[in-house]
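In my numbering, the protein residues as written are 232 to 679.
Be careful, since some hints might not be right.
Stated by the list, open to error - Ranges between beta-carbon positions, derived for each pair: (1) L327 / R303: 22 to 32 angstroms; (2) A310 / S372: 20 to 30 angstroms; (3) S372 / L317: 39 to 49 angstroms.
No wet-lab data here; the hints were simulated from the structure.
Just so you know, even glycine gets a beta-carbon here, dropped at the ideal spot from N, CA and C.
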Amino acid sequence: MTQIVVALSALIISVVLFASGNAFVNSLLGVRMSLSGIEPMTIGIVLFFFALGFVIGSRICPGIIQRVGHIRAFAVFSAAAAIAALVYPMSESMWLWGVMRFASGVAAAGLIITVESWFSCVATAGNRARLFSMYQIFFYSAVAGGQLLLQVAPPESAIPFSLAAILLVGSLIPLAMSHMHSPNIEAVEALPMLEVYREAPLGVIASLLNGVIMSGFYAMAPVYATSTGLDVGQISVFMSVAIFSAMIIAGPIGYFCDRHDRARVMLVVTLISSLAGAVIFLLGNLSFLWICAFTAVFFGLSASIYSIAVAITNDRMTQNQIVAASATLLTAYGIGNLVGPLLNASIMDAVGANGFFLANSLLLGVLLILILRDMQRVPAISPEEQEDFVAVSPDVFPVMAEIDPRNEDYDEDDRTLDDLFFDPKENENEEGDSQAEEAPASADQDAR
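Let the hints inform the model, and build the full structure from the sequences given.
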């Protein structure tokens with residue numbers, strides 16, 4: 232595994248730089264707009280465009296990557312995200328910010344697909360479980376770490392946006408200096424949502440509602456924190472603690488999911504998460520320490536719902552349907568993503584900042600009722616018959632879902648690390664031979 236980490240060091244550094252820069256901008260904008268006195272609904276609309284761009288980007292970016300190549304595509308997406316970061320402090324137009332958020336969403340989707348296809352290229356039957364986990368650990372550590380950058384300079388200044396742009400452009404340098412082949416991106420056809428719903432209704436519904444909750448949190452949690460009087464340093468810690476808690480809680484959730492009925496595990500997770508959000512809403516003026524503690528429970532458990540939904544769905548699918556079903560659940564999650572910022576913003580507009588946790592607790596309450604209904608109608612699967620649980624992020628596209636350790640139909644094609652890299656001298660020789668072959672033909676045409 233150490234050999235893989237060393238071989239992929241350029242890719243890992245690029246992922247860390249981009250993820251931290253992108254996460255930094257996401258939180259920075261919410262804080263900046265909130266400090267400027269902009270209404271929550273307006274903030275929600277602006278931040279909604281990132282989710283829209285991400286969903287659309289996940290559809291159009293694979294074609295762009297295939298046409299221009301992975302490194303060029305990575306350069307384009309990095310530059311687009313960096314340009315957007317630099318534009319924000321130049322204007323206070325919310326429409327312009329919305330356009331930039333859309334561009335950032337498309338760029339983020341393109342970059343993630345580019346990176347994940349490289350990771351998928353080196354996955355083998357022997358390393359894919361560790362590779363899958365390693366990718367998510369690096370990615371979400373960077374996202375959590377990016378929140379701490381809020382403390383670098385006042386959000387009202389242009390300095391934080393410049394720092395974000397440096398990180399986003401800097402993510403291109405390690406890859407540009409590497410000698411990596413461009414792997415193929417194979418299209419993954421999603422199963423019809425109705426077909427997946429018939430087999431695993433809870434998986435589809437939970438993915439949809441989890442998309443609403445997660446996108447709402449990333450977009451509006453910094454706004455909530457600013458509105459309740461937390462300073463910028465506290466906001467950065469608040470966001471970072473929430474994201475780190477999701478990483479830590481994933482392990483115990485997996486342990487219980489492999490030993491108990493997964494619908495029951497989701498029931499308990501949803502109940503505790505809902506109660507944690509309700510406590511923050513009902514008690515109102517909590518100390519910073521208690522806000523962080525309850526938010527860690529709320530977000531850490533809520534973030535695991537998607538993984539449980541995927542596991543429940545896979546238990547009811549054949550092996551050759553797992554990747555296609557994952558693509559369908561991602562579609563459901565993406566639809567929820569579009570709703571999250573708008574729903575949270577509208578409730579915060581109506582009842583104040585604490586409406587943020589009211590909205591999410593109500594959504595979890597709805598999911599709680601649907602889980603109970605599903606448990607009455609759908610026969611439980613014994614732990615012995617269940618697929619292995621894998622903590623998976625909804626930000627993982629089907630290209631990465633192919634190396635999910637539960638996918639027994641994964642074809643590794645005898646991949647080795649050597650297949651991922653090319654010899655620059657050999658590449659130059661090939662180009663020279665190609666030019667030599669073209670020269671006589673060119674001279675022939677000139678003579679004519």
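Now for the hints, and whether the structure bears them out:
1. L327 / R303: 22 to 32 angstroms: holds (27 angstroms)
2. A310 / S372: 20 to 30 angstroms: holds (25 angstroms)
3. S372 / L317: 39 to 49 angstroms: Between S372 and L317, where Cβ atoms are some 26 angstroms apart, the hint is violated.
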